[in-house]
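Undergrad: Given the coordinates of chain A, assemble chains B and C onto it according to the supplied hints.
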Amino acid sequence: MKEINELNIEDNLLYAEDHEWVKQEGENAVIGISDYAQDRLGDLVFVELPEIGSVFDKGDEFGSIESVKAVSDLYMPIGGEIIEINESLADTPENVNNSPYEKGWMIKIKIMDSAQLKSLMDKDTYIKQLEG
Amino acid sequence: MTKQFANTGLMLNEPLLWEKGGKGKSAFSMPNQDVEQAFIDKDITGEGPNFPELSEIDIARHYTRLSTWNFGVDTGMYPLGSCTMKYNPKINEKLAALSGWSANPLIAEELNQGALEIMYRLADFLKEITGMDAVSLQPAAGAHGELAGMLICHAYFKSKNSIRKKIIIPDTAHGTNPASAALCGFKPVAVKSGQNGTLSAETVAAVMDEDTAGIMITNPNTLGLFEENIKDIAEIVHSKGGLVYCDGANMNAIMGIAAPGEIGIDVIQLNLHKTFSTPHGGGGPGSGPICVNKKLEPFLPVPRIIKQDNKYIISEDFPQSIGRLHTFFGNFGVMLKAYCYIMSMGDKYLEKASKLAVLNANYIKTSLKEVLELPYDRLCMHECVFSDKKLEQYKVTTLDLAKRLMEYGYHPPTIYFPLIVHGAIMIEPTETESKEEIDNFIEAIKSIVCEAKENPQLLLDAPKICKTRRLDETKAARKPILTEGYRL
Amino acid sequence: MRYLPHSEDDIREMLEKIGAESIEELFCSVPKECIRKKPFKIAEPLTEWELESHIKNLSQKTASSDEYKVFAGAGSYEHYIPATASYLLSRSEFVTAYTPYQPEISQGTLQGIFEYQTLTAQLLGMEISNASLYDGSSALAEALLMAVRITGRKKVALSSAIHPGHRMVAKTYLKPANIEIIEMPYLKNGLTDISSASDSESFAAIAVQSPNFFGCIEDLKKIKESIKDTKTLFIVSFTEPLAYGLYKNPGTCGADIACGEGQSLGIPQSFGGPGLGMFAANKKYMRSIPGRLVGQTNDIDGKRGFVLTLSTREQHIRREKATSNICTNASLCALGASIYMASLGKRNFKKLARLNYDKTEYLKKTLKKEGVKIRFEAPGFNEFIADFGKEFSAKYNELKSKKIIAGIPIKQFYPELDGSYLLCVTETKTKEDLDILSKEITS
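Protein chains in written order, with my numbering: chain A, 1 to 132; chain B, 1 to 488; chain C, 1 to 443.
For reference, chain A alone in the conformation it holds in the complex:
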């Protein structure tokens, strides 16, 4: 496992307590999990993502990720409607490990309430949470 200072925590993203990241793109947002989360989970073998069109509130479970010996649920950092999922993860779940912010993105949503973005952390606050 990486030390905190070895982690790649990107600048321009927002982070949730459950280690999902959010990248706002106008009225939409892209969501994935942080380098910290993928590192702690270890080699991922399966990513279960929701169907396009489903709607979730902030905090809802939208899918799960599996390593060889563990399953973790994925939670919505903000509410929204699923407009796209990363289908390539079905065949290459390792992209979440290798490229958590680029190839390993998980879902794209239409933001339900942009005010919810304010509840998320920026890079420095997130790192502080990890250190704490």
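No lab work stands behind these hints, which were simulated from the structure alone.
Do not take every clue at face value.
Claimed, not checked - Restraint-style ranges between C-beta atoms, simulated for each label pair:
| no. | chain 1 | residue 1 | chain 2 | residue 2 | range |
| --- | --- | --- | --- | --- | --- |
| 1 | C | T430 | B | S55 | 24 to 32 Å |
| 2 | C | E370 | B | E110 | 25 to 33 Å |
| 3 | B | V207 | A | T125 | 30 to 38 Å |
What the hints assert, rightly or not - In silico DSS-like pairs for lysine-lysine, Cα to Cα no more than 27 Å straight-line:
| no. | chain 1 | residue 1 | chain 2 | residue 2 |
| --- | --- | --- | --- | --- |
| 4 | C | K402 | C | K61 |
| 5 | A | K69 | B | K475 |
| 6 | C | K402 | B | K192 |
| 7 | C | K41 | B | K348 |
| 8 | B | K369 | A | K2 |
| 9 | C | K56 | B | K94 |
| 10 | B | K23 | C | K350 |
| 11 | C | K37 | B | K348 |
| 12 | C | K284 | B | K475 |
| 13 | B | K158 | B | K294 |
| 14 | C | K69 | B | K94 |
| 15 | C | K284 | A | K69 |
| 16 | A | K2 | B | K127 |
| 17 | C | K303 | B | K464 |
Said to hold, decoys possible - A few chain A positions that, by computed beta-carbon distances, are all more than 10 Å from chain C:
| no. | residue |
| --- | --- |
| 18 | N8 |
| 19 | E27 |
| 20 | S54 |
| 21 | K58 |
| 22 | S67 |
| 23 | E94 |
| 24 | N95 |
| 25 | A115 |
Where is the CB? At the ideal position from N, CA and C, for every residue including glycine.
TA: Structure of chains B and C alone, referenced to chain A:
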């Protein structure tokens, strides 16, 4: 210097079945065609399976070679915690293979009195051992017995026109407990065991209510500790109208010492393949009888075997029964071996077996706590659980220790369970290991802990002398190959 | 006692190390109020020789195929088992091992199960198979639960010509989850009438057995056709998989799940258990399958090896959200079935299936000639229903005393079929046996 039993012996490679043999070979003595071929409609016939073709010697060598890649109780000590890998007596195997048991279970009961008598008497023995009032032998495994128990609890509440939605399950429980409960619509409510590793009555009192069906408790628990508050816990659960289910997987610790029926347990499953010496067969078949008290007897699975005028009779006449759990009567072949075991041991040696199982576990616990961290330092029952705390400083894990232990000629203990102990190493020697064998095992662990400090690479690289080295489980799970799509 | 290896000296030395005076002291964590009150009384221990004579005596009080000519199957079949199967299966490395948690020292079991999964998939015409379940009945129940999980529907349709034992177990499993079971009646020809499940959109699954309990081969393709545009899963169960050496297998006929009892593949009858729950499905349902799965991989040196895989479906990881509560499989029985399937091979498996069919047809023909009515006209395999009439029970008992079991009276399962008997003929019966049977029945 520790005796290292494992060595690099001659271990032959062997391909998959369909990678050997050849067209036209066979290992089967085909009976003669003494009747004419009958007409058959070609539209509904098929090609038949494309099985490989091998001669008898190919088959014999194939499976003999495969067998040499396995480690069994007959190979060496197999201290897999909570699995009770005791010695499997050979006479029981011989007697279970008698040709008299090649009998169809649906043929009239008066022709199968021998088989029915064994089941009837075995159920009686299990009643005596557990102190419960009635037994069904139908469940085919421990988890199947758990399911039977949960179905019985569900039926009990239904008979009272009550629906209860929750069930209390301690954090030390085996994963089958919540999974079995969920099949009956009970939502598990997790409770934490206390500082000393057992559950307090207050913890149960805080969550037990009239929407809770009761508690599923393993006693002795998976830390190898007797749940000393069991009577108080049972009282609390009963006072709210609930039921106490006991996972009896660890009965091997208390035969003749404590009787579940006397301490407030309403229903308990036994694992004949653990406590009663029937072999585990590489994962099954087992047998998981369910034992209940008077209150729950009407709900036991049917058919039941009853005795009338010295005859054994099969009866389905129990209107409140949960129904059937097995196509026929359960795993008779396994029951028979357990019956033989109990007949060979009698009460006297069953009790002694429990005592020696506890002696062996405490001996290991005392001997190894110098080198491994013992999170619950108190007398244990049939098993003891260490953590990986002292290994972490050498940057090796419980898994590394387990893999290295193979090279010393031992099957590793249960690892990473129970979940509440970090990097758990759960050791259950059983009563059938001698002091000599256990001393060697203790020396092996001590030696490995030394290696962890002085030459950790030995652990990290282990095993090097088994059939395979460490296997890539990530690859197996990412792109699963579960069958080989061979074709002609 | 020979199973307990401690000498008195050993015990003394061990107690000394622990720092206890006596073994009893080790039990001080068991509170006084929990110590057993009722005296512990079972029996005096038997010697090995006493035990052997006791069990042998009991084993003679059965209608075993050693002594009786048994023309009964109904889910428990008498077939010849090659000596290699029982001999190899008794190797203690297979018998005394547990679930292969440590793959490096369990490759024998693991490769054996991988081969079993492959042969099973091949036999049933499906893409994947699990490592086996307890028996045919729990396999059917698990298949129905799986269909409910996949479709989210809470209703299933079961053919009434599925083995009664399997149906009853399915009911037991499904009842607490409030899953509704519709039983589809059987037609005059012995096949399932699926018209009662015509609103198939509302069903999680339609399940039929083929050959069914009456021995008849269901028209699987037609049933599949009727549900092909729905999300309803097609479950095909069985109790006599040898039939797929002759007839089209479930996969060819469009089954989504094929499951059933594999006892007939070289596993001793053992008074009904242990059996072998076979379970196969199409690959797209891989992550919904119950039970253990073995997968192929390689070790760090690149050498081929096998491991338990996709474990995140299972109870030890997913706990109450697991695909099943099952923890193990019928490993040794699965291995036995593999040895059997490989011993026969493609050609002899087909041949043996055909021989079962031919002998059964011979008996049917002979009985018909003597005026016995064969109840159902649909094509069959090695079982069929003969109408001997209500008054036959006296004769049936008379034959019992002659050590002939003339089928199983099935009124106990189908009250309307009073006087009907389910007969079974396998390769273990010679033409002479069959001639004697028909003579005895019709005399």
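Undergrad: State for each hint whether it applies.
TA: The hints, checked one at a time:
{"no.": "1", "hint": "C/T430 - B/S55: 24 to 32 Å", "verdict": "26 Å, holds"}
{"no.": "2", "hint": "C/E370 - B/E110: 25 to 33 Å", "verdict": "28 Å, holds"}
{"no.": "3", "hint": "B/V207 - A/T125: 30 to 38 Å", "verdict": "36 Å, holds"}
{"no.": "4", "hint": "C/K402 - C/K61", "verdict": "15 Å, holds"}
{"no.": "5", "hint": "A/K69 - B/K475", "verdict": "13 Å, holds"}
{"no.": "6", "hint": "C/K402 - B/K192", "verdict": "64 Å, violated"}
{"no.": "7", "hint": "C/K41 - B/K348", "verdict": "8 Å, holds"}
{"no.": "8", "hint": "B/K369 - A/K2", "verdict": "31 Å, violated"}
{"no.": "9", "hint": "C/K56 - B/K94", "verdict": "11 Å, holds"}
{"no.": "10", "hint": "B/K23 - C/K350", "verdict": "14 Å, holds"}
{"no.": "11", "hint": "C/K37 - B/K348", "verdict": "16 Å, holds"}
{"no.": "12", "hint": "C/K284 - B/K475", "verdict": "19 Å, holds"}
{"no.": "13", "hint": "B/K158 - B/K294", "verdict": "17 Å, holds"}
{"no.": "14", "hint": "C/K69 - B/K94", "verdict": "24 Å, holds"}
{"no.": "15", "hint": "C/K284 - A/K69", "verdict": "22 Å, holds"}
{"no.": "16", "hint": "A/K2 - B/K127", "verdict": "55 Å, violated"}
{"no.": "17", "hint": "C/K303 - B/K464", "verdict": "12 Å, holds"}
{"no.": "18", "hint": "N8", "verdict": "27 Å, holds"}
{"no.": "19", "hint": "E27", "verdict": "31 Å, holds"}
{"no.": "20", "hint": "S54", "verdict": "14 Å, holds"}
{"no.": "21", "hint": "K58", "verdict": "22 Å, holds"}
{"no.": "22", "hint": "S67", "verdict": "8 Å, violated"}
{"no.": "23", "hint": "E94", "verdict": "15 Å, holds"}
{"no.": "24", "hint": "N95", "verdict": "19 Å, holds"}
{"no.": "25", "hint": "A115", "verdict": "33 Å, holds"}
Checked against the numbered hints above, the structure violates hints 6, 8, 16, 22; every other hint is satisfied.
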